[in-house]
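Enquirer: Sequence:
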Amino acid sequence: MKKLLVNELKEIEQYLRDLSDHLYENPELGDQEFESMQRFVEFLTKYHFEVETNIVNRPTAFKAEFKSGKPGPTIAFLAEYDALPRIGHGCGHNMIGTMSAGAAVILSKILKNIGGSLIVLGTPAEETNGAKVTMSDEGVFENIDVAMILHPADQSYESGTFSAMDALQFTYTGKSSHAASSPEEGINALDSVIQLFNGINALRQHVPSDVRIHGIISEGGQAANVVPDLAIAKFYIRAKERSVLNHVVEKIKSIAHGAAAMAGTALDISNYELSYDNMITNYTLSQVFTKNLKEISAQPILPAEHSYGSIDMGNVSKVVPAIHPFIGLNDPGLTFHTKAFADRTVTSEGHQALSDGALALAQTGYDVITNVELLERIKLEFQKNLYER
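Numbering (UniProt numbering), first residue to last: 1 to 389.
If you are wondering where the hints come from, they were derived from the structure by calculation, not from laboratory data.
Hints are supplied without guarantee of correctness; some may be wrong.
[What the hints assert, rightly or not] Here are the simulated lysine-lysine pairs, PhoX-like style, with alpha carbons at most 20 Å apart:
hint	residue 1	residue 2
1	Lys2	Lys109
2	Lys109	Lys63
3	Lys2	Lys67
4	Lys70	Lys2
5	Lys10	Lys70
6	Lys2	Lys294
7	Lys109	Lys70
8	Lys10	Lys63
9	Lys3	Lys175
10	Lys318	Lys240
11	Lys253	Lys234
12	Lys112	Lys2
13	Lys109	Lys46
14	Lys251	Lys234
15	Lys112	Lys3
Using the sequences and the accompanying hints, generate a full structural model.
Expert: Next up, the structure:
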């Protein structure tokens, strides 16, 4: 039965390539992916998926479901389709969404024979305000047994770990005055931001080596002869584990309050983007996917590595067994978030990776549905990870 999936891929292979190429040619930013979403909705509806849009109050999010009518696990394939400013699909989300939707359609063709259900979740804005966070918080994954997503990269990698991340904004309010004629009447908000940076730089030597803190001054005044009454700094703060991140964030907030006291400013601290949890790979599920991909792809699959970046799939991994492996574009050293990466997705190597990835995801879904003991081991590992953390 599993071998039939190869034939089902061939039936839609050219369409998948055309869809990915179309998204490449028509990139849309996060939460603005209306045309991209519509392409996926039309594709999945054609193959008898029941589609609901605007889920979790995100206009470009969707949920597509295919039921076999028989008992069995529910497999979720997660689709991303947001692009980057100026660069376009420099992170390959045109491929990510297409591989997930393609895998679901491939597997749906034989689902009535094996049971279970399939869900494709359209998850907008991974690059900024990831919808997977909201979906995790609002119970979208409650009746899902496993969740999978596959990301293109320079080479293929097993699913690994990603850092947790908070996006904090520090807004200081002071009092403006003429910087030359009446400086004593002013309260300089920029002074607080500068002291914030100084304090954070002093903190760096006292945090674990996996912590990353990087920020900008997004507002610092408009004229040199006016004492700035408003100054804003934005930071990304990351760590391998959410517990470590929370501890570091509290230290930074204390520094921020100290910086306000030093200049006499008022301080407001807010999250300017949703917080991402660290990714916890389910290695039992990952091993199954890796085995399938090895049998399909000619490319080597490298061991999992920790990524110091952050993904909203981390939040998903805290509520359901999940994996986030990488499939190679056969171009070692190719870096994310570049025009070269985007261009690679529409080459013959990109198209081959697209086909291989969709098939490997579909085959992994098949294995989970048809092997009760495998699903039990996946869930046991998931519960163990939650307990240990």
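Enquirer: Does each hint hold? Answer for all of them.
Expert: Hint by hint, here is what the structure shows:
Distance restraint check for Lys2 and Lys109: the Cα-Cα separation of roughly 11 Å lies within the 20 Å cut-off, and the hinted pair is therefore satisfied. Annotation: proposed proximity of Lys109 to Lys63 holds, straight-line Cα distance about 19 Å (limit 20 Å). In summary, the hint linking Lys2 to Lys67 is supported, as the alpha carbons are separated by about 18 Å, within the 20 Å threshold. The straight-line distance between the Cα atoms of Lys70 and Lys2 is roughly 18 Å, inside the 20 Å bound, and the hint therefore holds.
Using a Cα cut-off of 20 Å, the hinted pair Lys10 and Lys70 is violated, with the two alpha carbons roughly 26 Å apart. Of the supplied pair hints, the one linking Lys2 and Lys294 holds, its CA atoms being roughly 15 Å apart against a limit of 20 Å. This hinted pair checks out: Lys109 and Lys70 have alpha carbons roughly 14 Å apart, not beyond 20 Å. Among the hinted pairs, Lys10 with Lys63 is inconsistent with the structure: their alpha-carbon atoms are about 25 Å apart, more than 20 Å.
Restraint check for Lys3 and Lys175: the C-alpha separation of about 71 Å exceeds 20 Å, so the hint is violated. Simply put, Lys318 and Lys240 have alpha-carbon atoms about 14 Å apart, close enough for the 20 Å limit, and the pair holds. For a cut-off of 20 Å, the pair hint linking Lys253 to Lys234 stands: about 13 Å separates their Cα positions. Under the criterion of a C-alpha separation no larger than 20 Å, the hint pairing Lys112 with Lys2 is consistent with the structure, at around 13 Å.
Between Lys109 and Lys46 the alpha-carbon distance is near 12 Å, which keeps this suggested pair within the 20 Å criterion. About 16 Å separates the Cα atoms of Lys251 and Lys234, which keeps this hinted pair within 20 Å; it holds. For the proposed pair Lys112 and Lys3, the alpha carbon gap of about 16 Å is at most 20 Å, so the pair holds.
Hint compliance for this structure: hints 5, 8, 9 are not met, and every other hint is.
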